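With chain A fixed as given, assemble chains B, C and D with the ligands onto it according to the hints.
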Amino acid sequence: MRYLPKSPAERKEMLGAIGAKSIDELFSSIPERFRLREALNIPGPYSEAEVIQYFKERAAENSNGYTSFLGAGVYNHLRSVVTDAIIQRGEFLTSYTPYQAEITQGTLQAIFEFQTLMCQLTGQEVANASMYDGSTAMTEAVLMAERLTGRRRVLVARSVHPEYREVLKTYAKNSGLHVEEIPFTASGAVDSKALQAALKDDVAAVVVQSPNFFGVIETHAALAEATHASGGMYVVTVAEGVSLGLVRPPAEADIVAMEGQSFGLPPSYGGPFAGVIASRDKFVRQMPGRLAGQTVDSEGQRGFVLTLATREQHIRREKATSNICTNQALCALAATVHLTLLGKEGLREMAEQNFSKAQFALSELLKIPGVKRTFDAPFFNEFVVELPRSVKLINAQLLRDKIIGPHALGTAYPELTKRALVCVTETTSRAEIERFAGALKRALEQPV
Amino acid sequence: MRYLPKSPAERKEMLGAIGAKSIDELFSSIPERFRLREALNIPGPYSEAEVIQYFKERAAENSNGYTSFLGAGVYNHLRSVVTDAIIQRGEFLTSYTPYQAEITQGTLQAIFEFQTLMCQLTGQEVANASMYDGSTAMTEAVLMAERLTGRRRVLVARSVHPEYREVLKTYAKNSGLHVEEIPFTASGAVDSKALQAALKDDVAAVVVQSPNFFGVIETHAALAEATHASGGMYVVTVAEGVSLGLVRPPAEADIVAMEGQSFGLPPSYGGPFAGVIASRDKFVRQMPGRLAGQTVDSEGQRGFVLTLATREQHIRREKATSNICTNQALCALAATVHLTLLGKEGLREMAEQNFSKAQFALSELLKIPGVKRTFDAPFFNEFVVELPRSVKLINAQLLRDKIIGPHALGTAYPELTKRALVCVTETTSRAEIERFAGALKRALEQPV
Amino acid sequence: MNEKIKKASRHTNQNEGLIFEKSSPGKRAFELPPLDVPAADPAKTLGASHRREGIEGFPEVSEIEVLRHFTRLSTWNYAIDLGMYPLGSCTMKYNPRVNEFVARLDGIATEHPYQPQELSQGCLKILRLLEKCLLEITGMDAITLQPAAGAQGEMTGLLLIRAYLEKQGNPRKKVLIPDSAHGTNPATAVIAGYEVENIKSESHGQIDVEKLRDLVTPDVAALMITNPSTLGIFEQRIPEIAEILHAKGALLYMDGANMNALAGVTRPGDLGVDVMHLNLHKTFSTPHGGGGPGAGPVAMKKILEPFRPVPTLVEKESGRLALEPVRPDSIGRVKAFAGNFGVLVRALAYILAYGPGVRQATEDAVLNANYIRKHLEGVFDLPYSLPSMHEVVFSDALQKKNGVNTMDIAKRLIDYGFHPYTTAFPLIVPGALMIEPTESESKEECDLFIAAMKSIAEEAATNPQIVKTAPHTTRVRRLDEVGAARKPVLRWKPVTTRSEAAD
Amino acid sequence: MNEKIKKASRHTNQNEGLIFEKSSPGKRAFELPPLDVPAADPAKTLGASHRREGIEGFPEVSEIEVLRHFTRLSTWNYAIDLGMYPLGSCTMKYNPRVNEFVARLDGIATEHPYQPQELSQGCLKILRLLEKCLLEITGMDAITLQPAAGAQGEMTGLLLIRAYLEKQGNPRKKVLIPDSAHGTNPATAVIAGYEVENIKSESHGQIDVEKLRDLVTPDVAALMITNPSTLGIFEQRIPEIAEILHAKGALLYMDGANMNALAGVTRPGDLGVDVMHLNLHKTFSTPHGGGGPGAGPVAMKKILEPFRPVPTLVEKESGRLALEPVRPDSIGRVKAFAGNFGVLVRALAYILAYGPGVRQATEDAVLNANYIRKHLEGVFDLPYSLPSMHEVVFSDALQKKNGVNTMDIAKRLIDYGFHPYTTAFPLIVPGALMIEPTESESKEECDLFIAAMKSIAEEAATNPQIVKTAPHTTRVRRLDEVGAARKPVLRWKPVTTRSEAAD
Ligand SMILES: Cc1ncc(COP(=O)(O)O)c(C=O)c1O
Ligand SMILES: Cc1ncc(COP(=O)(O)O)c(C=O)c1O
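Protein chains in written order, with my numbering: chain A, 1 to 448; chain B, 449 to 896; chain C, 897 to 1399; chain D, 1400 to 1902.
In isolation and in its complexed conformation, chain A is listed as follows (with noise of 0.2 Å):
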């Protein structure tokens, strides 16, 4: 087999220095009776050829050649060459976790930029080295603020991702902390007043995203105000990064929660992305993940490793601040190298696209009859129109034209049928823009 360095012979002279007769003897410590006596039943060997050709196959039976207004957590941004060129170096794809410093610099390095970029980003004073995604990220920080007020009530604002909140829940009902979800107002932005009505003394957490699932941008300051008068921490999470190369980040937050995903990673049907959380300095040995921190070497060189290790499983197993081992490192490299490549201005100029091509298309839609604006706060790059009919109907009737239509929100908010989330970033053209303006104009023309 092309991926095994071995030859008949050498096995055999291997065998014999152990003293093994066969190989079969080296594993007379599983039982006999439960020892495989046919193949395994699955496809293959194949040769590098027919692997390609197999994924070729698959990829041919998905979305190619369709142009897509699909936002939703998941975002479709330029990404350089670059980034793939560095990435696909084995010296970073084929490394371990670097906790052998003297031979993982390169690592350690990128990760102290990588955690630098995430504090400059979310106007926090330290970042972690990535969690899992945006979902388990916000998860974890809301596990976080329960460690630092040892309360147990989470405050959740309905217009976080569904997803996102779906997790939480699922981590939340075995580590006993209550979550309640907090209304939307007809701006689509959080409900203050319901904010208000929501906190008692016992509130660990109040969990804000921004830009929200509607796109909407939040107002952090008088939610935050609100949250620390009754001593919670208030969280941000964000899942479109890219808002903030133009949008205030949200400095009042105690715990910012982010997915890197907009930072050079493709949609990837969904994963692998980067979470990442940044808080403030004073909450740093309550805070999961890894983190990498700058020392000297015996010789008074700058040098970097993975520190504040007592907060991480392998120390303190039970005790630990997460499970979380294994993370998203490589994806973290990426969005290092793709927001340095974006750089200042780079990353501006491409939030300010994003802006205004959704204020396009959104002028473009509404003049079409029957579309009207769901919410009218100021949004980034997503917004929710509604519509005369069933998303899913009309939506269907765009596959005809090579679209793929906005995400229906009647599933996740049963209020909010006919209703579609629209999303348009700078790789959509304008064009393309026009071309589903006209093709969701003909298809509300139709007769039902």
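Worth flagging that the hints you see were computed from the coordinates, not collected in a lab. Since this is a predicted model, take the numbers as computed values, not measurements. Every clue listed holds true.
Quick list of in silico lysine to any residue cross-link-like pairs, SDA-like style, CA-CA up to 20 Å:
1) K460(B) <-> S920(C)
2) K1443(D) <-> G1453(D)
3) K1021(C) <-> L1219(C)
4) K1063(C) <-> G1145(C)
5) K319(A) <-> K1070(C)
6) K617(B) <-> D650(B)
7) K1198(C) <-> R1223(C)
8) K1070(C) <-> K1107(C)
9) K1021(C) <-> Y46(A)
10) K900(C) <-> G1416(D)
11) K621(B) <-> P1570(D)
12) K367(A) <-> T941(C)
13) K767(B) <-> I1598(D)
14) K1406(D) <-> G300(A)
15) K1842(D) <-> S920(C)
16) K418(A) <-> I404(A)
17) K1028(C) <-> P43(A)
18) K621(B) <-> V1709(D)
19) K1383(C) <-> R285(A)
20) K617(B) <-> V1709(D)
21) K1531(D) <-> N489(B)
22) K1443(D) <-> E797(B)
23) K12(A) <-> P1424(D)
24) K1524(D) <-> E498(B)
25) K1297(C) <-> N1359(C)
26) K840(B) <-> G858(B)
27) K767(B) <-> K1572(D)
28) K1842(D) <-> S455(B)
29) K1403(D) <-> G913(C)
30) K1339(C) <-> A20(A)
31) K56(A) <-> R1024(C)
32) K169(A) <-> K1063(C)
33) K21(A) <-> K1339(C)
34) K1144(C) <-> L1108(C)
Here are a few chain B residues that face chain A, going by a calculated C-beta distance under 10 Å:
35) R450
36) S495
37) A497
Beta carbons: idealized from backbone N, C-alpha and C, even for Gly.
Coordinates of chains B, C and D with the ligands only, in the frame set by chain A:
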């Protein structure tokens, strides 16, 4: 501009250090009236995304989706992604010619391995680091023979690739070489009688290709003997290197000129490929091109250097064996990686698959009424068939079936009108061969 | 340089500062196509209160500087592509390049999790085939591919057990975990809402079955076992262990991190395991990438199937595949979307390349481990002598006498051109040397490793100082970890680093 | 390690033997899909006489061994991706990764030169646009993209001149070449059937125009000039030189290797040049790849157009593009097929990224060269003091006094983390230090280079031995080139190397 690592401030600072008021001052030695006033009229600047889009649009105007039966000097063979992963490592891709051995041992050892592989394949004693391609390698082989024999008549088999012969003529014209062509027999091989007749003691080289342009495998022994008897050098050119996995190497040759495209290099519309010259140790000092040699460093460790440079233009100038400087190093590296991946078994198996598939294709085509085999000599993965009609017209019809038909021989060989050169490799599936045969049958059934 | 060091030399290597230290206003490494719609004015449309000024300190560099920066950094790393990685429990094996290629194909990397399922059949078929392959390899009945890594797989598994027991009326209180377990096991149990009861291994490093009988009380929900154990030893009495648990209504969880010792040879499902996770970034070769991403699918017996996380992959009568978002008894989602799809793609590519031949990989892995054990036995202390499977665990007992501990030996291995083995655990072996070569190492590489270990053992006896101060050949020497933790510097800040850069 | 060396450190680096030394029968790194047609028996169908047995000594290794072998080798190289490459005359600039990406696209890398031209319009449009861009940059009338490199471009250019003169009745005998020229110039002239007459530069390193008047006799076919010259100095009187030649019916060939000093600023065509080549692997950033592939397009004035090599690219009235294989007066083919297409693709990608902005690249290149010159003037001897364009040439005259020559300084640069500059020529500068930074180097990198050169100059004065024995930090030290040439070992052979491997 994204490729330029300078900020406006840094440019100012550097100008200041130089003591120049403006950048124009640095160009003052260019007479004023010759300095361009307007910007160049060329498209751009393009962002990375626009560059990619431009080439994707061009790619879409090419032959994507067609099945091809073309060979004729450029062959479709399986390539491993490993090869591409290696040659895209910056340390190989962006390194210069290894004149500074201490920091280019990687390239040097790889060249040494390439030279070894080429010797093993061709049955020769020494091979160089690469020539531009097969056509110039063959031409330089003839010039080498001229230097070694001091003679000026060259006999080239007409069954040598037509473009190779054209290149030879271009070079010959001004080096006072007289090139004559030796016809081929009804079996498609070199006409040894004609060769005998043409051979005199003024012949520098006899040039034979095997497998020849018609795919026919030449029998070297007699040809070489006759050549040597007249004191000439027997030069063999190989355009389809994979054949050497199955066919006896031209051990009788004094010089072998090979095209390496079949060893992991994509067709790429005709280049870049990698030519190579292999020969006898005793002739090495008349060899063109670079050579890597093994040596030791001042501490006795094994290392590699470019050697015998006194043959080359940068030392010998007008007395050099050739003017070649930059060659095709990265292509030679790709061939080295590719052949190392294939290995002894892989190369043989690939060659055998080519052979079997070509045999199968021939038998399928011969089932079609009106299709005749032109030459009866043994062949490797290409063969010539005679069609009842103009090959061009038939190929035009095949295009409708998304098939790129065989190469029409009529242009290069007026005596071979209605003859087509069919190529089949391991990448051609049985289904494609059968589809081709079916389409050809239909095409021939149509009334003219 | 030491004559004994055959595998590595020292070579010139580029220095490189932090990217922030190369920043200069106006440089850029990325350009966008021109905006093709009217530019909206954020100040107006967004509102000044929401608008952000440029991000202070964000890098401004050119493309070549970025490429060089990260290329230089990469040359400071050790990696599988460079040599053997004998990290016990981590299964650092060859990561085939074709897996990277297929994961990046248009139509694979480009797919959106919310696109219509009729346009996602390719993705869903990939998930389905991977499920089938993993079920065949583990001998289980059902599986979820959602967990992002082993630790999340453990949590998913324990939540399945909890849901199952709850359904029976009582989730129970405790999870039993052997003292040899990996740190994630106890950490996970707590997140799943269980108390951890650590159980001592018996003298051979195996589960003490007799003791276990008493420990499995009515409030024990499950036993988390690693098989082969982190000592690299197969738990011989695992079927009996399963029976004991089942008799008391408790379940058996198996940490599948060591499946590389079993794949194709025996199946946890047949051994009585109720639920287990797999680390695709170990056994199934997805690249470790400096710490992830990975994937931790959880395979289970029928009884646990109703509780699988949503969405679940189902085959419609039409033959169409679909992800079903709601199931009554599901434990819910453990992660957004359908798992680390790109990682799952790589794992399937790996499995298809081997087919039933995965058994050969397992055999070679065990062969390498035993070959190394054979040559190092005696040179290093072997605290547990039962047959080794895919890894072998020595201790530094012999070298301790000269004041040389496992970490010193590990660091010295770096000078010999190797990545160290695992030193952090198993905790039941003080000063552990946990060595897992995997099947990816040639005899040549194993022999070089053995020679290096013997040479270091000799140094430990004759010249301990050189071992205790290792590594000597790296661009940085041992780093001050205590200082790093005492006064954490976890991000670059403009002022401080400028001055640093100066001095 | 020397405090002054800021740019590099030493780090552990993997050793690696020859791939042939890892071979063992039965290992393989590549598998083919199963044969789907009946297997033909070569012995029968091919004939035993043609059949070959397995290739003796051919490698038998696995995929991971191949990947590691070449990855390890690669880490022994210096490269643009790692740092500055101040090789004069070589224009080692940044090679954008996107160019590699587009050259590998399906529909680009996959195209066959003989496929129908109606299925090749994409390729032909690429060639056409590149032709147009290069003509605009050079100010010429016609161009051929066929030559594979600069040297072949030179030959093509001289053959064009020869054909043109022949058409006029007399090809003439001689080509004039300044003593500062690159070695390919004279070597090429000979291949084109001309005698070389070397002409001495005047005291400032420029063409001696007065002398030239006498030298241009009726049997002079052309003057090959490099502009800027290999001294990095612009030939100010080039228009006059052209006139002199034209007056005598001779033509002016320009070696365009140094176009990086002129692109966007001035155009050879406007200066009176009749024909020139470009090195796309220099000025237009296609990667040097350890010695190619490159491309050497030749641009020419109208009078030479009829003689262009075939095939020539033409625009059909239909707007369709076509390659025409025959033209009556063509010099013929210089290479099979349509040039190094993949290289041409990369060059066009590079040009499109800059657009008219190529001028900025030229300005930065000249800025860097002058910045370095300014700081090193006085530290090193500057034999020719006319203004520098894209490169500056010093001599080792000052260091020679202490027995340190340019090669020693070059080797010492390696210890300082830099690739050496060019030492081999121009021959008119004994002990030349030919330094071309290109536009790709940041001020930071230039400053480090300047500091290194100053520090070495100081060492040459205070501690010459350390310079003369450099490099000290590389995995191998200076290699025995004399021995290599005296007893050439140009390939691995089973016996010899086995024993070597042993000792
Ligand atoms: C035995 C064992 N269990 C669990 C884990 C945790 O898996 P992951 O790192 O994928 O979360 C590991 C990984 O180090 C392990 O070795
Ligand atoms: C001035 C000059 N002319 C000609 C050449 C030859 O070009 P190539 O190496 O592409 O054949 C070079 C390249 O080194 C050069 O520097």
